[in-house]
Amino acid sequence: MTAPGSSSDQVGGAATVVPAVDPVDDTTRAVALRLAASGHADASVQQRVVHAMLEAGASCRPADVIAALHDHVGPDTDTSIARLHTRLRALGGRLIIVGDRDYPPHLADAWPELGAPLWLFAAGAHVPGDRRPTVAVVGTRRPTADGLTTARGLSLALADAGVTVVSGMARGIDQAAHRGAVDGGGATVAVLGTGLGVDYPTGSSRLRAAVASSGALLTELPPGAAPRPWHFLARNRIISGLATATVVVEGRDRSGALQTARLAGGQGRDVWAVPGSINAPASAAPLALLRDGATPVTGIDDFVAAVCDTLPGPAAEVAPRGITGLSPSAAVVYDLIGAVPATTDALVSTSRLPAHAVLAAVAELVDRGAGVMTPHGIVRRQTATADAGGGRVASVSVAGSTGMRPPQW
Amino acid sequence: MPSGSEPVVGVARSVALVGLRAVDVTVEVSISAGLPCFSLIGTTGTAGRQAGERVRAALHATGIRLPSRKILASLAPADVPTSGARFDLALAAALLVRLGAVASSALTDAAFLGELALDGTVRAVSGVLPAAAHLAAAGVDRLFVADDNVREASLASGIGVIAVGDLSELLAILDGAAHPRALPARPPPAAADVADLADVRGQAEARRALEIAAAGGHHLLLLGPPGCGKSMLAARLVGVLPSLTEQAALELTAIRSVAGLLAGTAPITLDRTPPLRAPHHATTAAALLGGGGGVARPGEISLATHGVLFMDELFEWPRRLLDALREPLEQGTVRIARAQATVCYPAAFQLVCAANPCPCGGAGTCDCTDAEVWTYRRRLSGPLADRIDLAPRLSALEAGHLVDATPGEPSHTVAARVRTAREVARERWGVVNRLASAEPVRATARPAALRTLGRAVESGALSGRGFDRALRVARTCADLAGDDQVDREHVLEALAHRAALRAARVAR
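Chains as they are written, first to last, in our numbering: chain A, 13 to 421; chain B, 1108 to 1615.
Extracted from the complex, chain A is given alone in its bound form (with noise of 0.2 Å):
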């Protein structure tokens, strides 16, 4: 397990951090402060000024930005200094501007015109502050069981290789890549749709509380701020921005994950997507961004080589790993059931066993381990190793991820 930040050599892509822009001085640094509280200069007021001052010919460096944003917004000389930092401190937060060494880097290339934001709060342990890769694991709120298994299981093996994974905390996959990475020892970062010290998505507060010591919390908008849907939209160019390669497991034909990733693609970062079936509504989102030309992710350890940049390992094994010893209406079963739920009554159609046999050969898959029983049918295990004493299933789990358990039944 490679600790955050001790190994960065190791990983490649090392390279000496270089300030792309210069670091403001405290007098703008204390006016960001005041506007940033204030929200008055959010994502769509920074990106306004900025495109006018690159029309303009201007130079964008971040303290002009603050001095063009404080002539827009107006000035606040009410809002006291001491009592936004008194705040900030409470919530264990910092104000981080572009040019700042601890601006994550790779989100510092999309400044100014790629959509990086002026400046982030920021809560917790290791804010990305070197070059090594990030990806971003991105997906549905309302994610399939296969989903958050793959969601969970490339996170893990992300964060063992010492790749930060960076989300958006949401229910589902997000949360799923967060606990993943958590649970894998590694550095996640989550951006959020709201302000520092907003119990949103509620329940999740052991989950955030998780991420901040592990890496961190990361938001444009000022602490208290509400969720917004606008707000969601503007924070997926960041999640985008942060990493350098965005995976999207599942998402439907208009989710917020598929506009990460044309983020993604805009920025110049890779985009990945893990294939599904063309009936599963959970993966309209990836099936779209393949057919335009993003890389399928065809397994969790050539995805993370790949990512590492390191050379692949011995050539992947291909044939799926087998399940021995199983009786023969189970492996009739196993050769017939996939990703997508098969229900009792349609294994007995295309089996043309009897339905006792087919009933006790799908729960002599799930006991196996080498099938999971969901509430529209049974699907293949796609992680399993089953061994071939018919005995406990060594593999990763969801457990915990949304706040439930994996239905073996």
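A few of these clues could be false.
Residues of chain A clear of chain B, computed beta-carbon distances all greater than 10 Å [what the hints assert, rightly or not]: (1) R41; (2) M65; (3) L103; (4) R106; (5) D114; (6) T156; (7) W242; (8) A294; (9) A318; (10) D321; (11) P387.
Derived coverage of chain B by chain A (criterion: at least 3 residues anywhere in the stretch with Cβ under 8 Å from a Cβ of chain A; other residues may be distant) [stated by the list, open to error]: (12) 1476-1486; (13) 1491-1503; (14) 1557-1563; (15) 1602-1608.
Just some of the chain B residues that point at chain A, by a computed CB distance under 7 Å [unchecked claim]: (16) R1308; (17) A1311; (18) E1312; (19) E1596.
The hints are simulated quantities; they were obtained by calculation from the structure and are not laboratory data.
We put the beta carbon where it would ideally sit given N, CA and C, even for glycine.
Guided by the hints, dock chain B onto chain A, whose structure is given.
Chain B only, in chain A's frame:
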């Protein structure tokens, strides 16, 4: 006509019912000097207190005038709830004795049950069958009832049932002037009109679950989209269950009698078809469990005893009603306390529930996530979920199935397998597998089968209670296959039948 000496008190015998329990009631009438009135004591309820007026009018219509003196009638014992008009006929008989119109010896070993119309006609009352059975056991020879109660009363053996159309016929029979009418001969039992399983196309999983439910008495939950044939399948369970034993059929008929469902419509032979009751989810607690003022009447669950209670749209039922089913499901009886008495009715029904599989209904392209489905199924009441052992998922009906020429397996071949399996279970432990004790069932299982169940418990998929419940279902699967020992494949099948329920319970 009058026999001369008038007794001081006229006495006639009748029967009160407290639930299904029959209690002897003695009706006494005396006439004494005093202001003219008809006073009735020892009765409860308005219909009882007004009996005097009905009897006076009915006697008047028959040509018998009551003297203008004080008439006192008493129902004894006074502490038995005696509401209703069922004692009218006994009152009239006692009065006839007191007036000297009938010899008191004519009422020896006779009992009376019936309500009087103002013109003297005798009307049917409820609960005649349990009353007749009680009287027969007590050695009473003759029971006088209304025409519409005759067939029901004669289901009890060992007692002569005499139909009286009106008071003048009663008078004539008691006086010896007329003979009782002959009872109509019993026609052969009509073939029960139960829908056949051959009508159900496809639905392999549900058909198999239905067969296991029938063979082992296990409770069943049918999960399927609207219109896929859940009600159709539930109605067909009755067709594969064996006919009721005489004792069970008599108990059920007595309940129907007390509920007042039999008057005039009772079959002449005992109905041995297992009952199917399908109350609506908007039904009241009193209608479902039994209730009503005074003495509670049997509800739907008692009318379904020895048969099937079908609860459609299970998730629409109020939680309160579902929880109230715990005691009946556990004990096979329901105890209802009301002002005048606490009664206990049989309620040994087999539960068949139906529900949509997921919040969207599950028809067509369902886009519910697994988590949404779990949340939805978690609404299944805990106590009820613990008692359901089979939860097959029905497929939406496809157009192909409608034109498919191959019919499903007909009810009678399934019923034959069910009968064999039930006989094996009865020989083994005297009851259906659902009611068998845990230890003896475990003793019939192979080690591999128990190990498989143990693994399911270890993985959290099965509760401790679920272990034995699943094993009993496996026992039924083995019985259907004709195997002495419960094998691994039977246990696996039992686990698969619970899969949809597990999804309801493991979440969170």
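Least C-beta distance between A:A318 and chain B, which was stated to exceed 10 Å: The claim stands: A:A318 keeps its Cβ more than 10 Å from every Cβ of chain B (closest is about 30 Å).
Least C-beta distance from A:R106 to chain B larger than 10 Å: The assertion about A:R106 holds, with a minimum of 36 Å to chain B.
Interface-negative label, A:T156 against chain B, beta-carbon threshold 10 Å: violated, 6 Å
10 Å Cβ clearance of A:L103 from chain B: Non-interface label stands for A:L103: nearest chain B Cβ at 30 Å, farther than 10 Å.
Hint status (Cβ of B:A1311 to nearest Cβ of chain A, threshold 7 Å): holds, 4 Å
A:D114 non-interfacial with respect to chain B [C-beta, more than 10 Å]: holds, 37 Å
Restraint satisfaction for B:E1596 [CB to CB of chain A, less than 7 Å]: holds, 5 Å
8 Å C-beta criterion, at least three residues: is the segment 1476-1486 of chain B covered by chain A: Per the Cβ count (7), the hint holds.
Distal placement of A:M65 relative to chain B, Cβ over 10 Å: Holds, since 45 Å exceeds 10 Å.
Least C-beta distance between A:W242 and chain B, which was stated to exceed 10 Å: With a cut-off of 10 Å, A:W242 remains clear of chain B, as the shortest Cβ separation is near 25 Å.
Reported absence of A:A294 from the contact zone with chain B (all CB gaps over 10 Å): violated, 8 Å
Check of the segment 1557-1563 of chain B against chain A for coverage (Cβ-Cβ below 8 Å, three residues minimum): Held - the segment 1557-1563 of chain B has 3 residues with a Cβ nearer than 8 Å to chain A, which meets the minimum of three.
The structure is inconsistent with the numbered hints 6, 8, 11, 16, although it conforms to all the rest.
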